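*Asks:* First to last, the protein sequences are chains A and B. Under our numbering, residue 436 is the last one in the first sequence; the count climbs by one each step, no gaps. Under our numbering, residue 436 is the last one in the second sequence; the count climbs by one each step, no gaps.
Worth flagging that the hints you see were computed from the coordinates, not collected in a lab. None of the values given here were measured: they were computed from a predicted structure. Possibly wrong hints are sitting among the right ones.
The list treats identical chains as one, so a pair stands whether inside a single copy or across any two.
Computed cross-link-like contacts, EDC-like style, restricted to lysine to aspartate or glutamate with a CA-CA straight-line distance of at most 16 Å [claimed, not checked]:
#, residue 1, residue 2
1, Lys288, Asp171
2, Lys288, Asp249
3, Lys367, Glu351
4, Lys272, Glu159
5, Lys114, Asp221
2 protein chains.
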Amino acid sequence: MKILVDTMGADKGSYEIVKGAVEAKKLKKIDKMVLAGDEEEIKKILSQLAVDDKDIEILHCSELIENSDEPALAIRRKKDSSVVKCSKLLKEGQADGFISCGSTGAVLAAGTLIVGRIDKVERAALTVVIPGLKSPTIVLDAGANMDVSPELITQFAIMGCSYAKVLFSKQAPKISILSVGSEEGKGNNLVKEAYKLLEASDLNFVGNLEAREILDNDSDVLVCDGFAGNILLKSVEGVAGSLLNLIKEKLMSSYKAKIGALLVKDKLKSVKTVLDYREYGAAPLLGTKKAVFKGHGSSDSLAVKNGIIQMVDFINNDVIEEISSKMEEKYGRE
Amino acid sequence: MKILVDTMGADKGSYEIVKGAVEAKKLKKIDKMVLAGDEEEIKKILSQLAVDDKDIEILHCSELIENSDEPALAIRRKKDSSVVKCSKLLKEGQADGFISCGSTGAVLAAGTLIVGRIDKVERAALTVVIPGLKSPTIVLDAGANMDVSPELITQFAIMGCSYAKVLFSKQAPKISILSVGSEEGKGNNLVKEAYKLLEASDLNFVGNLEAREILDNDSDVLVCDGFAGNILLKSVEGVAGSLLNLIKEKLMSSYKAKIGALLVKDKLKSVKTVLDYREYGAAPLLGTKKAVFKGHGSSDSLAVKNGIIQMVDFINNDVIEEISSKMEEKYGRE
């Protein structure tokens, strides 16, 4: 197995990426790991980490795609960026997977336009895994496709199901659709139509899921259009962040509270893990012909390590082949 | 001024509603207050509260619309329900406002089908006021209209603006639209089209607002379709609820944490107010010909009191007349 790791464009810089990658390689059987980015910088980090592994290669890239770049334009113009170079290697079959914590838009565009979609997959979807209170939920589409058809929602469900089987080791993952009420018939036209298609499918479809249950539900996969998914995920992130910051501030606002804060510190820290994206590290762009994983922009080495482990499992378990065969089952061969 | 208060269908029962109503009447100039519901029960509560006010009347209603009832059907069939009877009185001009903590669907249906819409208003919208960390935000549509046009979004903006002027005492409230990124061009087709219309309007439109900023932004009004609005509001509610419960649980899980919890109790309590719907108590259904306010199902007397106060201000400040004249300005007279 050969995997490509993008060391560019992450909020915390290349060091955390390289460190996480090196740690993952120690834990998983990876024949070759290619670190894409600034050669000088990567060499320096590897020497800081005292890594001497002939199976870790460096792919020098001179251009950086920024978050502010228009994604489709950037991947056409910045040919020497890590995202473009790695995507091309994937496309040419020279590697098995690519993980990046850089611009989401660029990874999405490169995944679709360079790596390419699985036959019959209309659009690739961005996934996110929410740890939750009881059990984790894979949410897709998390923001790749703003305007979608009911049919495309069923494709998200099929792809999410294939991924959930591997990630959660379940035979028949529970699939639900994001809506404004739990009963059938609640929702906008898109949801109502998609509900019917999902119900008629052979998936383990369990119905609507309300946004208020996002941290406390037993669905394995939650499907939605990319606009609604993004609203959901960003409000989870925003509310959790705002509340935890406010709590911190309040606990520092008096002498009495400060003493109390010392005593409850560990417990409050454990609350954070419920929302800790680092647990799953990264999530796949589902629907591409090869594994493309996207980590959070602010990933640290733990998140990168876990993300690479997820990707290796994803590749070893042939998730893409499974999606491909499900698509063929549904739509027939080209 | 004569206002109608629905004492039926609230989660905590009639007592909290009657208590809140009586308290509001002491604070605001209300000529007549009509309590709609079970006469025996209301009489009992009034005597418990030792209220003897000849300007508080009782309107006996024998039927209850439940949350599980199909709203449009229920308001046609349950003629002796508080929602239907009060809406008819409003329509006939026998009262100035109606507030209910019962079935949202029924209040919406009655507001639209019985009370009726302001001329040129395509659809009435449900509003919610989120207190937030910095300043409150009026969100609409909060779930009344699942599939909307860009034009309707601009109507929400006009109506929300008229309400914000009164609620926040501002001359030119800041209006934003819910989207997946802050820059123009981000979002689904609906948002992109509505953005153009809002930008071309004479409203103080400040652009897109991301869901992650929902508790920490300086917009006065946030517009969106009812599906996205509902996802946003329920995820705010759900995440906040899940997190605060989890914190409580964690703080009770060890002896050390319990002592700490005692010391930080007041501070944690103050965090809750950031999300406390009771501060504004209730929010209007915007677009109806008369004031129709909807309180949270689990409202206590404080929420009811504040809700009635908001409604009295809404009526005294002629918000409906302002919306009506803005609609005429925009679309001309019938």
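*Asks:* Between the shortest in-copy and the shortest cross-copy C-alpha distance, which are at most 16 Å for Lys114 and Asp221: within, between, both, or neither?
*Replies:* So Lys114 and Asp221 fail the 16 Å test inside a copy (36 Å) and across (55 Å) alike.
*Asks:* What label fits Lys288 with Asp249 when the C-alpha limit is 16 Å: within, between, both, or neither?
*Replies:* between (19 Å within a copy, 12 Å between copies)
*Asks:* How would you classify Lys288 and Asp171 at a CA-CA limit of 16 Å: within, between, both, or neither?
*Replies:* between (39 Å within a copy, 14 Å between copies)
*Asks:* Which holds for Lys367 with Glu351 at a C-alpha limit of 16 Å: within a copy, between copies, both or neither?
*Replies:* Cα proximity of Lys367 and Glu351: in one copy and across copies (13 Å, 14 Å).
*Asks:* Could you figure out if Lys272 and Glu159 sit no more than 16 Å apart (CA to CA) within one copy, between two copies, both or neither?
*Replies:* Neither: 36 Å inside a copy, 61 Å across copies.
This entry does not satisfy hints 4 and 5, going by the numbered hints stated previously.
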